[in-house]
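Undergrad: Spelled out from the first residue to the last, the chains are:
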Amino acid sequence: MTHTIEVRDLTVRYGDTVAVDGLDLRLAGGKIHGLLGRNGSGKTSLLSAIAAFRRATSGEVLIDGRPVFETPDVVADICFIRGAGDTVVNDWPDDKVKHALSFAATVRPHWDGALADELLERFELPRATRIGELSRGQRSALGITLGLASRAPVTVFDESYLGMDAPSRYAFYDLLLADVAEHPRTIVISTHHIEEVARIFEEVVIIDHGRLVLQGDADELRGKGATVTGEAGAVEAFVTGRDVLETRRLGPTGAATVFGDLSEQDRRQAKQAGLEIGPVPLQDLFVHLTESTHRVVRNGSPS
Amino acid sequence: MNATAEPSASTARATDLAASRRHVVLRHRLGIDGAGLPMLAAGLFVVTLALTAVVSVRFDVRISGWDVAAQVGRWFVGAVGVHLTAVYLPLYVTHGLTRRRVAGDAAIFAALYALIGAMCVAVGYALESFVYRLAGWQHGLDGHLFDSPAQAHLVVAEYGAAFLVYLAAGALLDAGFYRSPALGSAVLVPAIAAVVAVEAAIGAGVLLPPPLLHLAGLADPGVLGPTAVLGTAVALAALLGGLTWPIVRDVPIRNQAA
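The listed protein sequences correspond, in order, to chains A and B. Using my numbering, the first residue of the first sequence is number 1, and each one after it goes up by one. Using my numbering, the first residue of the second sequence is number 1, and each one after it goes up by one.
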C-alpha cells in the first residue's frame with residue numbers, strides 16, 4: 001500500500017492570511033518525504049489539508065487520484081500526528097495511555113497492537129499513566145507510537161519528536177526505517193531538526209510563504225551543491241559566475257556555498273587551485289533557500 | 001494462480017475492514033457512554049436514597065428524592081452533547097473517520113443514549129417507590145406526564161424527550177463555540193429556545209433558571225400527551241441537528257495541544 005499524494009493548486013487561507021498559496025506538489029508513494037520550511041511557512045496547513053483535517057480554500061488534494069476531504073476510504077488510510085498527536089486527552093475517565101491505544105485499535109483499520117506494545121516498551125511508556133501526567137517527551141513518544149502502529153498507508157509526522165531526548169529521537173528514526181522497510185508506506189515528516197532527520201529522507205520538499213521552493217531526491221539535492229574552501233582569492237575566482245548561496249571569510253581563508261552541479265572538470269580545476277570541495281548540508285541548503293524569496297527549484301533544477 | 005488469488009484476498013480484507021468500521025463511532029460510544037450511564041445512574045440513586053434517609057431523621061419525606069436527582073440528568077446529558085462535538089468529533093476525525101460518518105453515528109447515539117437515560121430514570125422511580133413503601137414515606141410526584149412510577153412508558157417518554165433535546169442542544173452549542181465564539185453565541189438562541197420548548201411541552205420546567213421556568217410553566221403538566229411530547233422533542237432535535245450539521249460538516253480540526 002504505497003499511496004501517492006497529489007496537491008493541485010492548493011490554497012489555504014485564514015481570513016486575510018494566505019498560509020498555502022497555489023501550491024502544486026506530488027509526493028511519490030512508498031517513500032519517506034521530508035517537508036521543510038520556516039515557522040509560518042505553511043507546513044502544518046499543507047499537512048492539515050493533506051490529512052483532511054481542514055478543507056482547502058481552493059485547489060485539491062488527491063491520494064491515488066481520489067479526493068481526500070470527506071472520502072471515507074481515503075481518510076481511513078491517513079494518520080496525521082500533529083506534535084504529540086491527537087488522542088483521548090479529554091475523554092475522561094478513558095484518558096490513560098492504554099485507552100489511547102485501545103481507541104486507536106478500535107478506529108484504525110491497519111492498527112498493529114504488537115508493534116504498539118513494542119514501541120511502548122522501547123520508549124518506556126507506562127500503560128496505566130494518565131496522558132495528562134506524561135512529560136512532553138513521553139507525550140511525543142505516545143504520538144509516535146500511535147503514528148507508527150497505525151500502519152496507515154499515508155503517515156504524517158509534524159514536529160512529532162518535541163521534548164524527546166536524543167536517544168529516543170534516534171530510536172524513532174531507526175524504528176521508522178525498519179518498519180517502513182518491512183511494511184512500505186508513504187511517510188511525510190515535517191521537522192526543524194533537519195540534519196538529524198535528513199539521513200532518513202528519500203525526498204525533500206522545501207516550502208516558504210506557502211509556496212514550493214524546492215523538491216527533489218534527497219541524495220541528489222545533497223550532490224547539487226558544494227562547499228568550496230581555500231585561499232579566499234582562489235575561492236572567489238572559482239565561484240564567479242556560479243549560483244553562490246553564501247560566502248564567508250576568515251583571514252586569508254574563504255568559503256563559499258554554491259548551488260548547482262559541479263562537473264568533473266570543475267572538481268579537477270578546484271583541486272588544482274588548492275580548494276577543498278565538500279557536500280552541502282541539507283540544513284544549509286534549507287537556510288539559504290528560505291532566506292531568498294520564492295526561488296522555485298524542482299528536482300534540483302532552478303526554474 | 002497467485003495473480004487471481006491476490007486480488008480476491010485483498011478484496012476480502014477490504015470487506016473485513018469496511019465491516020469492522022461500520023458504525024464504529026456508534027458502537028464505541030455505546031460501549032463507553034451507553035454502558036457507563038446505568039452505573040452512573042445507580043451511583044446517583046444510592047446517594048439520593050442515602051440523603052433521603054438522612055433527611056427523614058428530621059423531616060417527613062413527602063416528595064420523591066429521585067424526582068429531584070433525575071433533573072440533574074438533563075444537564076448531564078446536555079454535557080454529553082457538548083462532549084459529542086467538542087471532543088468526540090475531532091477525536092474520530094483525527095483517527096481517519098469522516099465528519100459525515102461521525103455525525104450520522106452521533107445522531108443515532110443521541111437517540112439511543114436518551115432512551116437509555118430515560119429507562120434508567122424509570123427504573124430509579126420504580127426502585128424508589130418500592131423503598132418508600134417499605135419505609136412508609138410519601139412518594140410525591142408533581143409536574144410530570146406520569147402520576148405513578150408504574151406508568152413506566154410515560155416516564156420514558158417524558159425523560160426521553162427531554163434528554164434528546166438537551167443532548168442535541170449541547171451538541172449544537174459546542175459545535176458553534178468550537179468553530180468560533182461569535183457562532184457559539186449566535187446558536188445560544190435556538191439551543192435555549194428548543195430546551196424551553198420541550199420543557200413547555202412536558203410542562204415540567206424543573207431546574208430551569210427562573211425566567212425560563214416561568215416561560216416553561218406556561219404549559220400545564222400533562223396538557224400534551226406522550227406522543228405529542230415525543231413528536232415535539234424529535235422535531236426539535238431534528239431542527240437542532242439540522243443547524244449543527246452545516247457547522248460541523250467541514251469544521252477544521254483544532255490542534256489538541258493548542
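There could be a bad hint or two in this list.
Computed far set for chain B versus chain A, every beta-carbon distance over 12 Å [claimed, not checked]:
id, residue
1, Gly31
2, Ala53
3, Val72
4, Pro90
5, Gly96
6, Gln138
7, Phe177
8, Ala197
9, Pro252
10, Asn255
Lysine to aspartate or glutamate pairs mimicking EDC-like chemistry, simulated, CA-CA at most 20 Å apart [claimed, not checked]:
id, chain 1, residue 1, chain 2, residue 2
11, A, Lys96, A, Asp73
12, A, Lys31, A, Glu124
13, A, Lys96, B, Asp250
14, A, Lys96, A, Glu70
15, A, Lys98, B, Asp33
16, A, Lys96, A, Asp64
Taking CB as the label site, the calculated pair distances span [to be verified]:
id, chain 1, residue 1, chain 2, residue 2, range
17, A, Glu118, B, Leu115, 28 to 34 Å
18, A, Thr71, B, Asn255, 21 to 27 Å
19, B, Arg100, A, Glu133, 34 to 40 Å
20, A, Thr71, B, Ala238, 22 to 28 Å
21, B, Gly43, A, Glu196, 46 to 52 Å
22, B, Ala126, A, Glu70, 43 to 49 Å
23, A, Glu124, B, Ala126, 31 to 37 Å
24, A, Pro72, B, Val46, 42 to 48 Å
25, B, Phe130, A, Ser135, 24 to 30 Å
26, A, Glu195, B, Asn255, 25 to 31 Å
27, A, His192, B, Arg100, 48 to 54 Å
28, B, Asn255, A, Ala128, 24 to 30 Å
29, B, Leu51, A, Asp73, 51 to 57 Å
In short, the hints are calculated from the structure, not lab data. Don't be surprised by glycine CBs; every beta carbon is placed ideally from N, CA and C.
Undergrad: Hints first: check each against the structure and report whether it holds.
TA: Against the structure, the hints:
1. Gly31: Non-interface label on Gly31 of chain B violated, nearest chain A Cβ at 9 Å vs cutoff 12 Å.
2. Ala53: holds (28 Å)
3. Val72: holds (18 Å)
4. Pro90: violated (7 Å)
5. Gly96: violated (5 Å)
6. Gln138: Non-interface label on Gln138 of chain B holds, nearest chain A Cβ at 38 Å vs cutoff 12 Å.
7. Phe177: holds (14 Å)
8. Ala197: Ala197 of chain B clear of chain A: closest Cβ-Cβ about 30 Å, beyond 12 Å.
9. Pro252: violated (4 Å)
10. Asn255: Given that some Cβ of chain A is not farther than 12 Å from that of Asn255 of chain B, nearest at about 5 Å, it is violated.
11. A:Lys96 / A:Asp73: violated (29 Å)
12. A:Lys31 / A:Glu124: Status violated; Cα separation ~29 Å.
13. A:Lys96 / B:Asp250: violated (29 Å)
14. A:Lys96 / A:Glu70: Status violated; Cα separation ~29 Å.
15. A:Lys98 / B:Asp33: holds (18 Å)
16. A:Lys96 / A:Asp64: This hinted pair is violated, its Cα atoms lying about 36 Å apart.
17. A:Glu118 / B:Leu115: 28 to 34 Å: Violated - the Cβ-Cβ distance for Glu118 of chain A and Leu115 of chain B, about 42 Å, lies outside 28 to 34 Å.
18. A:Thr71 / B:Asn255: 21 to 27 Å: Given about 23 Å between the Cβ atoms, the range holds.
19. B:Arg100 / A:Glu133: 34 to 40 Å: Holds, since Arg100 of chain B and Glu133 of chain A (Cβ atoms, about 35 Å apart) stay within the stated range.
20. A:Thr71 / B:Ala238: 22 to 28 Å: holds (27 Å)
21. B:Gly43 / A:Glu196: 46 to 52 Å: Between Gly43 of chain B and Glu196 of chain A, where Cβ atoms are some 51 Å apart, the hint holds.
22. B:Ala126 / A:Glu70: 43 to 49 Å: Check passed, 45 Å falls within 43 to 49 Å.
23. A:Glu124 / B:Ala126: 31 to 37 Å: violated (51 Å)
24. A:Pro72 / B:Val46: 42 to 48 Å: holds (43 Å)
25. B:Phe130 / A:Ser135: 24 to 30 Å: Since Phe130 of chain B and Ser135 of chain A have Cβ atoms about 52 Å apart, the given range 24 to 30 Å is violated.
26. A:Glu195 / B:Asn255: 25 to 31 Å: At 26 Å between Cβs, range holds.
27. A:His192 / B:Arg100: 48 to 54 Å: Given range 48 to 54 Å: violated, Cβ gap about 36 Å.
28. B:Asn255 / A:Ala128: 24 to 30 Å: holds (26 Å)
29. B:Leu51 / A:Asp73: 51 to 57 Å: holds (53 Å)
The structure does not agree with the numbered hints 1, 4, 5, 9, 10, 11, 12, 13, 14, 16, 17, 23, 25 and 27 stated previously, though it agrees with the rest.
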